[in-house]
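Build the complex from these two chains, which are given one at a time in their own frames, with help from the hints.
As given, the protein sequences belong to chains A and B, one line each in that order. Start counting the first sequence at 1; every next residue gets the next number (the numbering used here). Start counting the second sequence at 1; every next residue gets the next number (the numbering used here).
Be aware that one or more of the hints could be misleading.
[Unchecked claim] Listed next, the in silico SDA-like pairs over lysine to any residue satisfying Cα-Cα at most 25 Å (straight line):
#1 A:Lys160 with A:Asn264
#2 A:Lys2 with B:Val458
#3 A:Lys24 with B:Val458
Hints are computed from structural coordinates only; laboratory data are not their basis.
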Amino acid sequence: MKLAYWMYAGPAHIGTLRIASSFKNVHAIMHAPLGDDYFNVMRSMLERERDFTPVTASVVDRNVLARGSQEKVVDNITRKDREESPDLIVLTPTCTSSILQEDLQNFVDRAQLDARGDVLLADVNHYRVNELQAGDRTLQQIVQFYLEKARKKGDLGIEKTAKPSVNIIGISTLGFHNQHDCTELKRLMSDLGIEVNAVIPEGASVHTLKNLPQAWFNLIPYRELGLMTAQYLEQEFGMPSVDITPMGVVETARCIRKIQQLLNAQGAGVDYEGYIDHQTRHVSQAAWFSRSIDCQNLTGKKAVVFGDNTHAAAMTKILAREMGIHVVLAGTYCKYDADWFKAQVSEYCDEVLISDDNGAIGDAIARLEPAAIFGTQMERHIGKRLNIPCGVIAAPIHIQNFPIGYRPFLGYEGTNQVADLVYNSFTLGMEDHLLEIFGGHDTKEVITKGMSADSDLNWTKEAQATLNQVPGFVRGKVKRNTEKFARERGLSEISLEVFYAAKEAVGA
Amino acid sequence: MTVAQEPTGLNFDCETGNYHTFCPISCVAWLYQKIEDSFFLVIGTKTCGYFLQNAMGVMIFAEPRYAMAELEEGDISAQLNDYEELKRLCLQIKRDRNPSVIVWIGTCTTEIIKMDLEGLAPKLEAEIGIPIVTARANGLDYAFTQGEDTVLAAMAHRCPSKVTSEAEKEERNAIQKLLTFGRKAEETAPASAPKHPPLVLFGSLPDPVVTNLTLELKKQGVEVSGWLPAKRYTELPVIEEGYYVAGVNPFLSRTATTLMRRRKCKLIGAPFPIGPDGTRAWIEKICSVFGIEPQGLAEREEKIWESLEDYLQLIRGKSVFFMGDNLLEISLARFLIRCGMTVPEIGIPYMDKRYQAAELALLEKTCQEMGVTLPNIVEKPDNYNQLQRIKALQPDLVITGMAHANPLEARGINTKWSVEFTFAQIHGFSNARDILELVTRPLRRNNSLKDLGWEKLVQEEAKV
Numbered sequence: 001m002k003l004a005y006w007m008y009a010g011p012a013h014i015g016t017l018r019i020a021s022s023f024k025n026v027h028a029i030m031h032a033p034l035g036d037d038y039f040n041v042m043r044s045m046l047e048r049e050r051d052f053t054p055v056t057a058s059v060v061d062r063n064v065l066a067r068g069s070q071e072k073v074v075d076n077i078t079r080k081d082r083e084e085s086p087d088l089i090v091l092t093p094t095c096t097s098s099i100l101q102e103d104l105q106n107f108v109d110r111a112q113l114d115a116r117g118d119v120l121l122a123d124v125n126h127y128r129v130n131e132l133q134a135g136d137r138t139l140q141q142i143v144q145f146y147l148e149k150a151r152k153k154g155d156l157g158i159e160k161t162a163k164p165s166v167n168i169i170g171i172s173t174l175g176f177h178n179q180h181d182c183t184e185l186k187r188l189m190s191d192l193g194i195e196v197n198a199v200i201p202e203g204a205s206v207h208t209l210k211n212l213p214q215a216w217f218n219l220i221p222y223r224e225l226g227l228m229t230a231q232y233l234e235q236e237f238g239m240p241s242v243d244i245t246p247m248g249v250v251e252t253a254r255c256i257r258k259i260q261q262l263l264n265a266q267g268a269g270v271d272y273e274g275y276i277d278h279q280t281r282h283v284s285q286a287a288w289f290s291r292s293i294d295c296q297n298l299t300g301k302k303a304v305v306f307g308d309n310t311h312a313a314a315m316t317k318i319l320a321r322e323m324g325i326h327v328v329l330a331g332t333y334c335k336y337d338a339d340w341f342k343a344q345v346s347e348y349c350d351e352v353l354i355s356d357d358n359g360a361i362g363d364a365i366a367r368l369e370p371a372a373i374f375g376t377q378m379e380r381h382i383g384k385r386l387n388i389p390c391g392v393i394a395a396p397i398h399i400q401n402f403p404i405g406y407r408p409f410l411g412y413e414g415t416n417q418v419a420d421l422v423y424n425s426f427t428l429g430m431e432d433h434l435l436e437i438f439g440g441h442d443t444k445e446v447i448t449k450g451m452s453a454d455s456d457l458n459w460t461k462e463a464q465a466t467l468n469q470v471p472g473f474v475r476g477k478v479k480r481n482t483e484k485f486a487r488e489r490g491l492s493e494i495s496l497e498v499f500y501a502a503k504e505a506v507g508a
Numbered sequence: 001m002t003v004a005q006e007p008t009g010l011n012f013d014c015e016t017g018n019y020h021t022f023c024p025i026s027c028v029a030w031l032y033q034k035i036e037d038s039f040f041l042v043i044g045t046k047t048c049g050y051f052l053q054n055a056m057g058v059m060i061f062a063e064p065r066y067a068m069a070e071l072e073e074g075d076i077s078a079q080l081n082d083y084e085e086l087k088r089l090c091l092q093i094k095r096d097r098n099p100s101v102i103v104w105i106g107t108c109t110t111e112i113i114k115m116d117l118e119g120l121a122p123k124l125e126a127e128i129g130i131p132i133v134t135a136r137a138n139g140l141d142y143a144f145t146q147g148e149d150t151v152l153a154a155m156a157h158r159c160p161s162k163v164t165s166e167a168e169k170e171e172r173n174a175i176q177k178l179l180t181f182g183r184k185a186e187e188t189a190p191a192s193a194p195k196h197p198p199l200v201l202f203g204s205l206p207d208p209v210v211t212n213l214t215l216e217l218k219k220q221g222v223e224v225s226g227w228l229p230a231k232r233y234t235e236l237p238v239i240e241e242g243y244y245v246a247g248v249n250p251f252l253s254r255t256a257t258t259l260m261r262r263r264k265c266k267l268i269g270a271p272f273p274i275g276p277d278g279t280r281a282w283i284e285k286i287c288s289v290f291g292i293e294p295q296g297l298a299e300r301e302e303k304i305w306e307s308l309e310d311y312l313q314l315i316r317g318k319s320v321f322f323m324g325d326n327l328l329e330i331s332l333a334r335f336l337i338r339c340g341m342t343v344p345e346i347g348i349p350y351m352d353k354r355y356q357a358a359e360l361a362l363l364e365k366t367c368q369e370m371g372v373t374l375p376n377i378v379e380k381p382d383n384y385n386q387l388q389r390i391k392a393l394q395p396d397l398v399i400t401g402m403a404h405a406n407p408l409e410a411r412g413i414n415t416k417w418s419v420e421f422t423f424a425q426i427h428g429f430s431n432a433r434d435i436l437e438l439v440t441r442p443l444r445r446n447n448s449l450k451d452l453g454w455e456k457l458v459q460e461e462a463k464v
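Just chain B, with the same shape it has in the complex (with noise of 0.2 Å):
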């Protein structure tokens, strides 16, 4: 990990763990439609079933590339051989859907029964010759974003160290081709050969999003050899003993620590590309390690905050809560203020100090230079305490879970569902007013409803 001074004056607490969350296993939701030749298969209960089916909504009916291998009593209690379970399931998804990739989720089932999940894997891959990647996304051990982390972790022992041959050599090299698209071969000719160590971007982003940041870099004179995960899994990057690697989101602290121990890559701690600031921070400490000056990043910051302004005049000197679920918090945090909120609390589900230390930074630093006071960071916080916090507070927005938002919404308390921040694009600069359109939406609502006077809807006797 590279070098980074702990932050001394954030103040970090530690509740219960009583929160509400999305398990982890939700992350099939986007990576099956990121990764277009795979399939998930999640290994568990109805309870996980019930739970992907009802999360995901409309999404379930489009034949989704995921299923469920439901746990029968048999296989629980060993009744049933798993391996011939699986290599069932896994022959019939081979049949149908013929996927370049299966991949296992785990989950609390397969962790109690301890089912060898990883064990199974080698031996069924080398039988029906389709790779099967495992990944323990569970409830518990993990919360909701962190499921990406665990696949995406799984995946990195999966990318190619050296290519041999010219046709891989294209197939890995698509961001670079979709990049140069429609150019005369000389003028591409230069792209191919960086003039610093090759850079692999880990994290799983929209298309849209993950050129627009490729862009961003190119503009600077980096070149991104691959990112993780790429469009398909025939697709993933190369990746060699001393390539520099740098995330994209918060939570993907067991990838890097795998690219970095497994893999020998140098880690770039930065802040993430999260508003035109982080952004900014982002680019600049990328440039920073290849020794390059950025160019004109200050202006272009200047342009988006001020293409912001309508925006920011809503939010300016209001406060926001957040419960904490999804990972993404301090970043949204460290942006909003800079938006000029003011933030009591960040819940947050699990903090890796060390990975986000450039964040947790720059979150100071924000605080500093906003001249609001740094806000109380709550690691695994008790939904119950926090909604009494909330009560005593009266913040002007509370991000939370689907849970709570009604419940607060009839007592008078704005909130925003904090799911979107994850399935918006809400990375680099462009995407920035995306996230206060989320913000602000709230805001916006009340102005057109105000003076109805109906904004508190719960009788005075029915409990918090």
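So that you can see chain A by itself, here it is in the shape it has in the complex (with noise of 0.2 Å):
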């Protein structure tokens, strides 16, 4: 047993539902107790979805702890199959029908011989896989399934495409800036010359996952989705693969230059080189941005860095060598990943962390006082409570972090965006404790209603003098309370009598 009030990654049916919802016209199942079809709520949420989200449970209650499902995990499969005709129906296990121990192949065996859709079983272990591992695992296995069915029907389209293809593996529903990522990824691809065969799973239909084998290539944006879909195809088909993140300016080069060397190795003859060069120095900020006096005004400063593998190390990546900021931990909570980590991140910083623990890191940032953290929503709340700024840049997420306005990580756009969080994290930073030392304007409490200052009470030197001595998170509260007390009084200057005689009546 584990004491634990947060927790990064999410349970496994999660990445299974992800990746069936992320289809089009895919249905999961989840063998689940009620109340566990949240994911639900959190896409249709997060999300803003405006399509019913194509999940739904086959209820595990008391009498099917008694008596065993039976019939009722075939029969949902086929009231589905009937009511909406999906072309997949993904059985999704839950921790319960984990210890429960039915036998879900068999309910998916007889459920296909009714079925007009094909039937399959996730092939995920909850106490075994997180959400992420979970995600990757499913990915593989629907591609999987649905390459043999061709192969077994003779209609798999291996023959390569006319002109340079790719197909964009691991963009999924839930994930971070992903629909964003995307559409810079299709521009940077469509920059590049190459065709985009198929981007997967995000609004694909299983129906075209034959045709996978067509493209010169694969490309992998994420590290945690996509590899074992990556793999298996290299395995098969003798596809290769990019999988270097296309997030900041130098990661960005070395994947476009890694993708000029599979083609290159395929017949293709491209010579990106003068795109990288222009792209590099006058269509993205980001080199002209650490090249500026604000970057400079960075230079040394500390932040720490925490998220998902693809994110935080990227991130890393960005900051120190791009940045030259200094970055004192560098952590993930891939714990299962952890070697790729630390090899990617180590050169880069100081400390590396990897824990899925939330209260280590908040001890690790309260211990190394950084000037900004970049985190997930977790460190954001532990950076509010410590007064540190930070951004953003990994799930778990909230619904501020599925902005409505073009936000991408990747690509030469996402190196902009990038440069604007770190500048506006630490800025903020700055700004705050050059606040602190001239014991500056509080803004925090309202005094009057108007943002004129026109109060009709004068503080006196020396008691405005004393009330900047006050403590910055009560000092507008001590203000207030001494301005009620004199204006109580009819008393129309504060004098650093009033000020005292107003702490003692008032406890200001």
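Laid out in structure tokens, this is it:
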């Protein structure tokens, strides 16, 4: 047993559901008790989804506990097949079905006899894998299922496209800024003269999966989702893949060079150096930003980075390599893939933290006192408590991290967005700090309704100076209470005497 | 249970139980805030934790007095000793937070692996010196607000039956003290000697609402001698045989049963104090049991209705469809029908016809008086079927969970998120306006957005 207040990666079934509901016309049926369909709320709320989330539960209740699911799961699958005629129904096990140990594969086989669509059992174990690993596995499982099916039917598309083309693998629902990243990647591919053969799973139909082998290569933008699929495609069809996340100026260039190398190996004869140079120096503002005076001021500032593997590693490199910021700690909650993370970031930071215990991260931040944090929503709240600004760079995320405006983290527009995020975090921190030093304008508590500071009360120099010595977080309150005290007594000037009298009277 | 005729005119249906609701463990979110010296330990898996973390949003960061005891594979296969594991965690909680009570919330997983929480608790309680209350609030048996019911039913066993020391009497009489705060001693003296048998109310409500309802009864000469739950665990009310009890919420059947059967209390079966009509009926029923003639209630109710007129104009004649997920549905529907709305369907997770008898009777009476057809009450609804019915009926408002709200809005159907009714203050005369504030919000939003021509925002081929 583990005492836990917060978790970074969700349970396994969330990963499966994210994959299933990313595809078009795929329905997931959870074998779960009442209330476990919380995924629908998250998707409907966070993504502001207009369509009903294609996830239903085959409810496990007392009767199921006593007698087993019997016909219930099969009936629910065939019913959904009739009602919505999905191409595929994914039966999704949960923590509950993991311990009930019912033969779910048997239900799937039986349901398949009646169902017109395909039926699959997601091969994930709640107690062994988390959301991210389960998502990776489910995507691979679905791809393999449809490629094998196509191979049997003999309509597998293995003929390469005439022009260089790519499969973008790993864009999914509830992924951090995935929609914007997808648009940016498509734009990048089009700039490079590469056709997009398929984007999976988001918005894809399972019927098009048989054409995956037609692409010249696969692009895996995120470390957490798509690698298993890419490995499978490599084994079966010899498809090469690029798994360099194009996040940050240097990494984007590295990703493009890798693509160039793969294409040229297949005889494309492309040269992207001119494109990289033009984008870096004139289109993306990030390279120029790193030379500007603004960024100079950030030199040597301390930062802590924490998140999933993809974003924490990329962010660490951007901060250290492209902005001269001192990353005192880089960490990830992807414990299962810790070696990769260590290899990526160790030369760019003082310390590496592999943990999914938010207490440990909070303690590390408190100990290191960085000038800014780049983390998840949890780190944002740690920052709030410690008065350290935080830029959110990875899931878990809230609704404000699903912006309507265009905010990719990948590609050249992504570098601009990241630069803004970094810069805004630090300036806010500096401004705060300066205010503290100069006892500055305290706008936290409203004293008068209007913005103009036409107070009818005068503070004497001494009283004002004493007020400024009051710690910032209560200063507004003290000021307000003192003025209230003075007003009630018809005093127009607040002297030191009045100040202390007020303090005694109202505990201000 | 007090004798009440089971209503005959209402039509009850039962569907498949394929509906969306919150897991009952969500009750920790409001109960830990209500019972200030408690700590809630949810013994379950990542799934439970993920739900709580996401459902509670911002609250989770405020150092909540609740946590997960997350079960790992070793716990499931009994390689680890449950008792030792729970002891380790509870000692840690004692050290870090020092609560007056630890509430264990049993989940689906503890049910399936048959972890004997009720058996372990007394042993561990004796060993670590903190009361441990066990509530099985799991998704196998219960929906959403029923979680509170299981916790309060367990708490009912912990209410003292006699108070020996004066100091403790003081403490457990906190509500009285609160109400008489600032008055002189002689003035408060009669207050401690009511002219009727002791009355204890049950149901967790925000403190301002508790004060409000207690004062409302006090005006009629009814003294509330305690409230389950109180602000602190150490202030749980005294309950002796023969005491009267009354519920303030429709989902508290187990608590009511426990108070009657185990604590030998007499239950006052009344409609619930939701809406001015419900509040009046609730007070009248309590008064009638104690042989008190209620004073000025009709005028009071009339005044409230008058003050609601601006909102009533917005909803009169409009229809509202309850998909059902929190058990407040019958009371809310009854209130909205009195407001002039029509209700084709009331979905509800679970319908206790005995505990809600008076409320159902009032619903039926209200329908007759307002001249509207009786609603169809659908227990354990099937959300898919309901969506088909909504499509056919095109109601003016659907009260539903978040899973369906945005998709329905995109199809031009107004929705109100049902969970808000659980967290808003909706009890008593003065909160009637808050209910209507919630109900009318989508309609007011529409008034400001009308004529823009973009009510339906899905392409036609998209499926419902």
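Here is what the structure says about each hint:
no. : hint                   : verdict
1   : A:Lys160 with A:Asn264 : holds, 15 Å
2   : A:Lys2 with B:Val458   : violated, 45 Å
3   : A:Lys24 with B:Val458  : holds, 15 Å
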